[in-house]
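Given chain A's structure and the hints, the job is docking chain B with the ligand onto it.
Protein sequence lines, in the order shown, are assigned to chains A and B.
Counting from 1, position 121 in the first sequence corresponds to residue 121 in my numbering; the numbering is continuous, with no gaps.
Counting from 1, position 333 in the second sequence corresponds to residue 333 in my numbering; the numbering is continuous, with no gaps.
The set of hints was computed from the structure by calculation and includes no laboratory data.
A hint or two may mislead.
[What the hints assert, rightly or not] Taking lysine-lysine pairs in the PhoX-like style, the calculated list, with each CA pair at most 25 Å apart, reads:
1. B/Lys335 - A/Lys61
2. B/Lys24 - A/Lys61
3. B/Lys391 - A/Lys61
4. A/Lys86 - A/Lys117
5. A/Lys97 - A/Lys80
[To be verified] Among the chain A residues that face chain B by a calculated CB cut under 10 Å, a handful are:
6. Pro36
7. Ala37
8. Asp40
9. Cys63
10. Ile65
11. Thr67
12. Pro104
13. Arg122
14. Cys125
For each residue, glycine too, the CB sits at the ideal point set by N, CA and C.
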Amino acid sequence: MLLDDMYRDVILDHYRYPRGRKPIGKKDFSSIGHNPACGDDITIQIALENGNISEIFADCKGCAISTASGSIMAEYIKGKAVDEVKEIAQNVRQMLKGEPCDLPDDMGDIDALEGVKNFPVRIKCALLAWITLIEGIGNYESGHADEVVVVSTEQGED
Amino acid sequence: MHTKPEDIVITEDNSSRLCARTIKADFPVLSQNINGHKLVYLDNAASSQKPQTVIDELSRFYSEDNANIHRGLHTLAERSTNAYESTRKRVAKFISCQNPEEVILNSGTTAAINLIAYSWGEEHINEGDEIVITEMEHHANLIPWVILAKRKKAVLKRIPITSDGRLNLNGIENIITDKTKIVALSHMSNVLGTINPVSEIAEIAHKHGAVVVADGAQAVPHMPVDVSTLGVDFYTFSAHKMLGPTGVGVLWGKKELLDKMQPFMTGGEMIREVHFDKVTWAEIPHRFEPGTPNIAGVVGFAAAIDYLEKLGMDKIRQHEIEITKYALEQLSKIKNLEIQGPTDPQIRGAAVSFTDPDIHPHDISTFLDSKGIAIRAGHHCAQPLLRILGKVATARASFYIYNDETDVDRLVEAIIEMRKYFGV
Ligand SMILES: Cc1ncc(COP(=O)(O)O)c(C=O)c1O
Chain A
1 MLLDDMYRDV ILDHYRYPRG RKPIGKKDFS SIGHNPACGD DITIQIALEN GNISEIFADC
61 KGCAISTASG SIMAEYIKGK AVDEVKEIAQ NVRQMLKGEP CDLPDDMGDI DALEGVKNFP
121 VRIKCALLAW ITLIEGIGNY ESGHADEVVV VSTEQGED
Chain B
1 MHTKPEDIVI TEDNSSRLCA RTIKADFPVL SQNINGHKLV YLDNAASSQK PQTVIDELSR
61 FYSEDNANIH RGLHTLAERS TNAYESTRKR VAKFISCQNP EEVILNSGTT AAINLIAYSW
121 GEEHINEGDE IVITEMEHHA NLIPWVILAK RKKAVLKRIP ITSDGRLNLN GIENIITDKT
181 KIVALSHMSN VLGTINPVSE IAEIAHKHGA VVVADGAQAV PHMPVDVSTL GVDFYTFSAH
241 KMLGPTGVGV LWGKKELLDK MQPFMTGGEM IREVHFDKVT WAEIPHRFEP GTPNIAGVVG
301 FAAAIDYLEK LGMDKIRQHE IEITKYALEQ LSKIKNLEIQ GPTDPQIRGA AVSFTDPDIH
361 PHDISTFLDS KGIAIRAGHH CAQPLLRILG KVATARASFY IYNDETDVDR LVEAIIEMRK
421 YFGV
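Chain A extracted, bound-state conformation (with noise of 0.2 Å):
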């Protein structure tokens, strides 16, 4: 097992120094996630300016892992056109599992991301972060911007 190949420098130092903390002004939509099986928690909220992220507060609360993936996405997804971010946070999830993704050359720190794959029981730690943001952007599309969603890593994800 190598534990180097998922604690990843670029890992460990957003574990240490999470980005995305700031509190933000406005908010145009966020959303909640929760994994149940280790009490990891995280609140996303977004605020848009011309249809991309201008602003992106993601407080996690949780391990290594999690906390990571969120500050990841959060330095990542900042200033993208929502659309975009949505087709990217579906490949990191799809990337995560194991299955067939499509990503972008330029992932920033993202890549980092890959070597949890190969540590089953912690995939959903790196999940919660992406499957949260979807859900949130997939409420703000339907129109239920109002309504914060509460997203579970035991609801279909596995």
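The following block gives chain B with the ligand in isolation, referenced to the frame of chain A:
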């Protein structure tokens, strides 16, 4: 020439300690390497490992005696019935119960507590009655009571815990009252390690006419348990935590209570006479053993009890007091590590939960696994307790007969290394 420590062989008879190293050799699973390190198995509170004698007995039973019980007249049916029924007697003797009819063999603690909650609870709990549990219960001894209270509009009350993880009996007179119908508590906590004063609480409960259920899942594997003097009315435990097969367990209950209880599950093997419009139930224990049980598992369970009795439950308890003492001492030397439960090893077992303020229990578990050390991380099926402790999860190292101080040392070294690894 001087002797190295490993050359000193301490035989069981002239030492109060067990020789964990000799014992370990009886457990094939423990001889392997995990991630390049010799396995240190510290997840015994979840499930223990099995000695070769138990594994052999399962295989022997399937190879030589296998048949369904209580229904055939052929030789194999007789052999398997005898083996099954002799385990019942074996279990009765092990917990000092005079009457083997009071021993119901089932799939484990969870099944046993559900049986009491549904069968006894359905009949005796009414609106406004009180059900008393404690704050440290495993979900198995919690959810059946939550559901029963809801179903009957009864009141669920709980005995609180102290900051060092003992039951707080100050004010118990306001908790156990004349309205209390049943008190359900763990004999030993799977999270805190605490051994609860079951007899003392049972005495109070009986003064108020309440029935007492003790969850012995963590106690029976680790200390002598004598149901004839403990003072409870029902007692439950699971074979898999005491060297036995999975899916086997015990409900012990007083005959006068069991006799009057309706079955929880119905079907084959638990009836006296069946008509299309009327059924009469078998006597105890068969009334509560519907369908084909885990026969091989039950037979293997007898081999597990043999193994434990050969070591002696008093010695096992003594051995675990020593390891717990050492583990608490060594773990508390690690900076910032927070250890749950009582500090006095005399009033607790060898399940030690801990947290590191900077490292999540899941990361602790993954790191320790990379060093060949198996622990449990999570809420340990005790979410309400974890909430009271202010934790979402803890790491838990739980020791057994094949563990000794060298395993504690391996754990402590790995935790120190882990803190460096995560840079905290
Ligand atoms: C205190 C306690 N009670 C009940 C149980 C449930 O036992 P089982 O899963 O064998 O039914 C356990 C073990 O998981 C336990 O530790």
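Each hint, compared with the structure:
| no. | hint | result |
| --- | --- | --- |
| 1 | B/Lys335 - A/Lys61 | holds (22 Å) |
| 2 | B/Lys24 - A/Lys61 | violated (39 Å) |
| 3 | B/Lys391 - A/Lys61 | holds (12 Å) |
| 4 | A/Lys86 - A/Lys117 | holds (21 Å) |
| 5 | A/Lys97 - A/Lys80 | holds (24 Å) |
| 6 | Pro36 | holds (9 Å) |
| 7 | Ala37 | holds (7 Å) |
| 8 | Asp40 | holds (7 Å) |
| 9 | Cys63 | holds (4 Å) |
| 10 | Ile65 | holds (7 Å) |
| 11 | Thr67 | holds (8 Å) |
| 12 | Pro104 | violated (29 Å) |
| 13 | Arg122 | holds (6 Å) |
| 14 | Cys125 | holds (7 Å) |
Violated hints, in rising order: 2 and 12; the structure is consistent with all others.
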